[in-house]
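Note that the protein sequences, when read in sequence, are chains F and E. Just so you know, the first sequence maps onto residues 1 to 540 in the numbering used here. Just so you know, the second sequence maps onto residues 1001 to 1379 in the numbering used here.
Hints may contain errors.
What the hints assert, rightly or not - Partial list, derived from the structure: chain F residues whose beta carbon lies under 7 angstroms from chain E:
| hint | residue |
| --- | --- |
| 1 | 354 |
| 2 | 359 |
| 3 | 374 |
To be verified - Label pairs and their in silico Cβ distance ranges:
| hint | chain 1 | residue 1 | chain 2 | residue 2 | range |
| --- | --- | --- | --- | --- | --- |
| 4 | E | 1146 | F | 282 | 20 to 28 angstroms |
| 5 | E | 1010 | F | 134 | 54 to 62 angstroms |
| 6 | F | 467 | E | 1240 | 29 to 37 angstroms |
| 7 | E | 1222 | F | 433 | 27 to 35 angstroms |
| 8 | F | 412 | E | 1165 | 54 to 62 angstroms |
| 9 | F | 72 | E | 1146 | 41 to 49 angstroms |
Please keep in mind that the hints were generated in silico from the structure rather than gathered at the bench. Treat the numbers as computed from the prediction; the structure is a model and nothing was measured. Idealized CB from N, CA, C, for every residue including glycine.
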Amino acid sequence: MNDREPAAAATEPAGPPAIELIGIDKSFGAVRANRDIHLKVAEATIHGIVGENGAGKSTLMSILYGFYQADRGEIVVRGRKVAIASPDDAIAAGIGMVHQHFMLVDNFTVLENVILGAEGGALLREGVAMARAELTRLEREYELQVDPDAPVGELPVGLQQRVEILKALYRGADTLILDEPTGVLTPSEADHLFRILRQLKEQGKTVILITHKLREIMAVTDRVSVMRRGEIVGTLKTAETGPEELAELMVGRRVLLRVEKAEAAPGAPLLRVENLTLVDARGVKRLDDVSLTVRAGEIVGIAGVSGNGQSELLEVIAGIRPATSGAVFLADGSDLARSADPARRRQGGLAHVPEDRRRMGLVMAFEENESAILGYHDDPLYRSGAFLSREKVRADARDKIRRYDIRPPDCRLLTENFSGGNQQKIVLAREMERGPDVLLVGQPTRGVDIGAIEFIHRQLVAMRDAGKAILLVSVELDEIRALSDRILVMFAGRIVGERGPDAGEGELGLMMAGIEQAGAADGRSGPVVPGLALKGVPTR
Amino acid sequence: MSAPAAKLPLWVEVGLIPLVNVAVAFLVAGLVVLFIGESPLQAVRILLWGALGFGEGIGFTLFYTTNFIFTGLAVAVAFHAGLFNIGGEGQAYLGGLGAALAALALDRVVPWYVTFPLAICGAALFGAAWAFIPAWLQARRGSHIVITTIMFNFIASSLMVWLLVDHLSPAGSMQPETRTFAAGGALPELGPLFGLFGADMGAAPANISLFLALFACLAVYLFIWRTRLGYEIRATGLNPTAAVYAGISTVKVTLVAMFLSGALAGMMALNPVLGEQQRLQIDFVQGAGFVGIAVALMGRAHPLGVVLAAFLFGMLYQGGAELAFDMPTISRDMIVVIQALVILFAGALEHMFRPGIARAFALMSSPQRRRLAAGEEAP
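Next up, chain F with everything else stripped away, as it sits in the complex (with noise of 0.2 angstroms):
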């Protein structure tokens, strides 16, 4: 099918771009998402997309896959003008789609999930035997190793993404998007990910990855096109551009990719976990005898793979859920682990950051002013009589946009309006300005650009400095390098180990992977197997 040299992809692409995108343009209501878009992808290539969140990559691709119409614009394929009004459209194409979350059947086996939707005919008989050979092929093409009759669910999250893949090369594309694809993946099984895209593209099919880390672009792409509010800024070739260059292009200045920060000076205990338990509904325990310390000064870092317990464990620190054993105290000295009432929590002066400010931290329908109050409402400071008073509640509002340059500067803006790192500033700024004694910050930065995350690093580490405990949660392990004073790993709800802020990423993802287990905090010891820690991730 093909017959050029793999090895020349990386040049001059020869024949037609495998994909060539003419002047989209794509509007929601007012805001235009997609402007004037031109994009050649070359045959046989790794073609990288960056961009902040909110660039317009993940509109551009829900074009190309039929998701979405382009509101203007045209979409060659090989040379050949398509119409792609709908994911089948975008099959019959020979595109095909690996989504940041996964599409899968967890019931079902891999087989099932593979032929699911293109099954080939009303008896299944003849389609699966069928699907049985092709898919023996396709992993020995492709070094897709996984066992067709295991159901999906017990498998563990990187499995489950091949497995993706496999659907997509089963209905023969010939191009893959990724969307965000390391998102979920430990550091170890995203580089097995780029072997196995590395190795697609040796067999001439041609891969599109959407990323916001250009650490990943830098490792495995041919070219990458940058995204800045809905246009392309630029299409570079990876090997004559460095992650310098990538962020100035994303961000639209430049911009500073270390965190600076002097030695931590830490002092007393502010907030002390002792042997916390918590099992689940489903008798699942997501949390199984944490113990940790935090103390002023200092900022700990919890590094993980999304779905080890790191959520539940801000949950019952900050009084959301209550745990099933063990203990919680503040400086004040009483335990709180089994009451759920974040509001006693706020008065022992801990404040939280939540993971997910749209779900969690913020109320997308209120306006700025009444977002930036939640959780502090009853404070006597917005009262006057029996009435919330609207006067000092956007007093208050107008004062914190100032000081946190949150933009656009207007208080009477609804909340969901936005964008996601002025968001989250609004959270910041509701949860730092008190000067609460102990900080919980999950995820400060997803979803964030570029500009916005050098800000909030430096408030952090503003407040660490000032003698607060922080206790971070981050499933990006550069961001717990780069602020952490110590970095917990938490594995399948248990903590299992400590190192310093210079342990090497290695060494860390394979802990993250639960493979090593040395110096493990708590002491404990014993073989764990990662397939089925991992397995039941919740992947939301």
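Model the placement of chain E on the given structure of chain F, informed by the hints.
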């Protein structure tokens, strides 16, 4: 990934959009009238004249409007807490019991202005209590409030039949209704007020409970948008997870919101029981509880919108009755069809024209705002 919700001016939100919806509903209703061989324009003329063309018509329109304001507010308050109170019918029915008991006890002893506040309390308390049981079941046991409130309508209906037939009807009477209240249990009508404008209200039953309804609108507005409890109710309705994060008790919010919702529905009974009939009759609610759902939807759960929507439905009820009388081919059922079309377009399809109107407004707004919006694509 929906289109971002632009914030529209209040007058668009509670004025223009409902108006467009109603216009489309009337257009379709007009086609139906045309289909059965009558002139739609003539029908509209009769309907409008019947509702607003003369003193008595206005009096009836205002009477119905009063009912619908109460039941519409009841549904709206529950909406703000994210609860769908379908039980306005039963709560109003029980509210009638509360109002009637107060009137029966006092009508021969004290003047109406002493009975009225106590009847308000009785109506509100009985209605609230009837809503509180499903609320408690929802908050503590997770029984879905839509199901339980519907079921409580049936229980209320049977309970009231039993009470009216076996206990409340005067000895020797075959009517399932209480005795007629004396003057101390009758609310003043708006006739004299009409007189000031030179109009004659005739036999129309509009009475001072209209002012109570308008006052309730103001109180609901202040409560929902200006108090801490109102803030907690709105936060819970808009994002329950964020409310829990903020330390707001979902149980408290559910109980409070439903208690108030039931109280408002119960107060609707004052209008027909003390105002119109001066007695408690079987089945006096006559669907007002259900119309309240449409009113709240159409009024976008805002007291101002509720008043406007209630007035529109009041007009439809009164004008529709005139229409059925003047145009024999348009039967009572046709009127119900027209009302149903309004509910369909104003309630169920209320978002149909919204995106278009929002886009039009975005284009008309200042270039600065447009730039700002363009930078904030939903991911």
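(message) Output the indices of the hints that this structure fails to meet, ascending.
(response) none
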